[in-house]
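Hey, can you work out the whole structure from these sequences and the hints?
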Amino acid sequence: MSLTLYHGEPNGPSLTVLAALFAKQLPADLRYIDLAHGARHSLACAHEPLVAMSIEGEGPVLVADGEAMTDSVFIACYLDDVGQGAALRPADPYDRWEAMKWCRQMIERTSPAAAYLGCRAHPPQADAAVLERIGSVDLRARWEEIAGGQFSEQKLEDSRSKIRQVAERIEARLGDREWLMGGYSLADLESYAWLAGMVPLVPDAFAERPRTRNWLARVKDSPPVAQALAQARTSEPAAYWSVGPEINRWG
Amino acid sequence: MHSVTLYHWEPNANSGKPMLALMEKGVAFNSHYLDLLKFDQHQPEYLAINPQGTIPAMVHGERVLTESTAIMEYVDEAFPGPKLMPDDPRDRWRIRWWMKLMDQWLGPSFSMIGWSVFVGPAVRSRDQAELKAAVERIPLPERRVAWNKAISGNFGAEEMAESRRRVALGIRMLEEALGKWPWLASNEFSLADINGFNLAYALPLAQPTLSNDELTPNILRWLRTIYARPATRACWAMGRTSMVERVKILEQPHIAAGQIA
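Here the protein sequences come in this chain order: A and B.
The first sequence begins at 0 in numbering that gives the first Met the number 0 and counts up one residue at a time.
The second sequence begins at 0 in numbering that gives the first Met the number 0 and counts up one residue at a time.
These are calculated hints, taken from the structure and not from any lab test.
Source: prediction; values computed, not measured.
Careful, some of the hints might be misleading.
Cross-link-like lysine-lysine pairs, in silico, DSSO-like; alpha carbons within 27 angstroms at most [to be verified]:
| id | chain 1 | residue 1 | chain 2 | residue 2 |
| --- | --- | --- | --- | --- |
| 1 | B | 247 | B | 37 |
| 2 | A | 23 | B | 82 |
| 3 | A | 154 | B | 131 |
| 4 | B | 24 | A | 100 |
| 5 | B | 179 | B | 82 |
Below, the structure written as structure tokens:
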């Protein structure tokens, strides 16, 4: 099996996939690309439909035996299937449903909010030539808004409130658990990847939530995440953001 | 074995996904029909099962499961019967990729159009004070926004145009994928086909200028093949509204461009 991973700084979707790769002890050719400057759109596979139309926004691309794969949680499920060592998803169907439902809420509600706030604080940049190359019309429109500094106050407030809601859920969920699903799982990787950079941006969400803060520290120190963070080229990878998924437009 | 109860609306979109998955697996279940147009899903009896008030929900023994695509994966894993996910990990990735596109990008665009032409008009003539009270009971704020738009018919021209753009592009993407694979994104019938059929079963009727036997032969072949399956017939027979009767369009052996304009 041949794996090539095109990834950005270890934050958001790149962090989820890097950590999953290391957790599953899979050898891969790691290629750093600057997602915050739209570098994904210059890859040879950029115009394949499942890359161009990925609704995750600027996430990593894994090329597995010639097939270019996107959407970090599902790439991580693939790595979980083909790799070694402890499973990243629970084996029991109900527990697995719970983990996948958790990830789905992260994908659908938390990641658009986190990316919006992250891009406001640490704007990604793409010039006209890069924007021209973006195959998805709606992704290009999000890039144009963000690169043009057009942030809606209503969306910013809605995003902050979604970060507060997920922190509240994590605090309640942890109880006396060490990890969100009991055992260390993809739910921890995915949740940490989007929330690590939110602590300085929405401090009140984490202020009175000691279990959540301790859990963030535990995930950060866990070997797969520590190894992923060691790939960083900036001093603060959690301050590296690129355009994310769109904020829910209907129902 | 624990009993299974499914709380669902019509075999359509999210409700139809676990209905059809259970029927394909041959799992007997108690059907609890919730009339979305009468706001059954926001009544206290149902909120006790699913506090978010979203349909569908499945109760297996003592456990409550929500989120239709995640429920389908559970159904496939927890029960015996034919497998609805291929063994190949890359196929599984592709199936999940497509289900996400349909659930979060294409489905909401179909849904916006459907709510503007079916759901809104179906409830609009009711007593306004009663409707207002019904909307106030909805737990999720984004669902309240959706219902207010449907009731008032107040969809923006720009958002409707964007939904139409996505529907047209989604149809082209589906046609291309089904030209490459016999089923949606793999060589085997899977959850992606169940998901896709729920989204697209009435496509040649709802979007006759974009989908017909001349423009999208692969989509039409795929829809008719799924419709011919016994589980699909049994599932769609559980429908109660004119909306799901649209599936009968697939009984026509050939739908020419311009035939149903």
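We went through each hint and held it up to the structure:
1. Simply put, residue 247 of chain B and residue 37 of chain B have alpha-carbon atoms about 25 angstroms apart, close enough for the 27 angstroms limit, and the pair holds.
2. Of the pairs offered as hints, the one joining residue 23 of chain A and residue 82 of chain B holds, with about 26 angstroms between alpha carbons and a cut-off of 27 angstroms not exceeded.
3. This hinted pair checks out: residue 154 of chain A and residue 131 of chain B have alpha carbons roughly 25 angstroms apart, not beyond 27 angstroms.
4. For the given pair, residue 24 of chain B sits about 21 angstroms from residue 100 of chain A by alpha-carbon distance, which is consistent with the 27 angstroms threshold.
5. A C-alpha spacing of about 22 angstroms is found between residue 179 of chain B and residue 82 of chain B, which places the hinted pair at or below 27 angstroms, so the restraint holds.
Figure legend: structure checked against the earlier numbered hints; every hint is met.
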